[in-house]
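Participant: Sequence:
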Amino acid sequence: MLGPFSEGGLWSLDRNLEAVTLAAWDILPGLLPEFATLLLIAAIAFLLQASAIEIATRSDIELNRELRVTGIANLLAGLGGGLPGYHSMSGSVLTYRLGMPIRFVGLATAAICVAALIFGSTALECLPRLAVGVILFFMGTGFLVEALGRNLIRMDRSEAGVTLLVFPVIVFAGFMAGIGVGVAAALVIFVVNYARVPVVSSALTAETYHSNVERAPAYAQIIRSAGRSVLVLKLQGYVFFGTSNRLVDLVRERFDQAPSLRFLLLDFRTVNGIDSSATASFEKLKRYAEERGFWIIYVSVQERIAEVLRRAQVYESTRPLIRAFTDADRGLEWIEDQILVAGGIAVESQNSVIAEQLSQIFPDANEAREFQSRLEAFDHCQGDIMVRQGAASDHLLIVESGRVTIALELPSGGTVRLRTMGPGTVVGEIAFYLGTPRSASVIAEADTLVYRLTRQALLDLQTSRPHVAIHFQEAMARLLAGRIVETNRLLAELNS
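If you're matching positions, the sequence shown starts at -1 in the numbering used here and goes up one per residue.
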């Protein structure tokens, strides 16, 4: 039998008050670090216990509610000098397997504890030790068979190794020591596995990956021809010493393959953090850029990540060969402008008269003049809304000089730039041919001269000069087909 136990109640207000006065409170400050460690490990142990109970009982546990209830219970128990309570894996599973009502078991257990606290625990002497031992042996054996048997077979090697490591530590050093060793081993495995995840999700060049600025065909061809000189690396995940060094190796490998590389664009849009130890790799990239004479362009960098890079002095836009932009679109636009300038084409000199533009569409000068006679010229100042989102699409625009931006107006009141069109480009042709309302607004980014072709003018041209209309329709078909080809090339490179 259990026992013997002392007669009478176990709880005494005088005894508890005496314990408070006799406690060595002066040693408490020195134990605070141990208490903090204990709280951390206890929190981890609670999450592990709760997850294990969920799996064993095939039920969902509301963690916040469990933490609140347990915290309140421990506060009340502490006022009475009791020991801390916690979630019991064995007790919960035993109750579940016996098919007992959960609330009844909890209330009955609490009632027995209160009765023993007030009236004494002599009644427990009638409980045979063998019964308690059998229950504990049964539960322990069941857990061992499940953990070291069926579950171990389903685990991969690293998880099985951690389980086999934690088991003897718990047996010989205790549960909390086993939790600590298990967490440390899991962290090591996590770091090793995460380091295997490539930091670069995709590597692109300007041959297929462009900004949202649409330029005249001749200028677009110059940019595509210099596409190999631009390397765009889309980074991902958390960048730390285990992955950042692979980034440097990849850049060097690409330089060996394409020594003419002039621009390296690093896209941080899907990077969620960076370790200070990783900045050494970006310092290597900066020195490598200075040696080889190429630009490093940072885009879509979160402020907290930018601050880490600034402290390492690798992010300042005032430094030679380094630039930073809010997004990849703006960064690519700057790169493309630099390519055109290097080719002797200044951005402001990209304008051309409408006659030159139409000569690329119509092989006959008379046809070009005939088509131009159907166009209406409009001057717009910077900031003018040339086409309003949702309006009827009864015309298309040909940009002679300046720049226009296609902007999507959001319900929240802001706008998103979809595309910027320069001289020699056609704007609004998709809605024009589909006959649908405008899906976005067209805004003059600078003083702009455009020529407008209305639907009625095109219909008149088809009736009076059908061959002129056919040449124009063929040009529009080539334009749309070219965009599809560019999109397919980009998708192929992203999936390669």
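Keep in mind the hints are simulated off the structure, nothing from the lab.
Keep in mind that a hint or two might mislead.
[Claimed, not checked] Cβ-Cβ distance ranges computed for the label pairs, FRET-style: (1) Gly235 / Gln370: 49 to 59 Å; (2) Ile42 / Tyr94: 22 to 32 Å; (3) Leu36 / Ala145: 20 to 30 Å; (4) Gly138 / Val67: 18 to 28 Å.
Using N, Cα and C, we set each Cβ at its ideal position, and we do this for glycine too.
Participant: For a quick check of understanding: which of the numbered hints are violated here, in increasing order?
Facilitator: Of the numbered hints, all hold.
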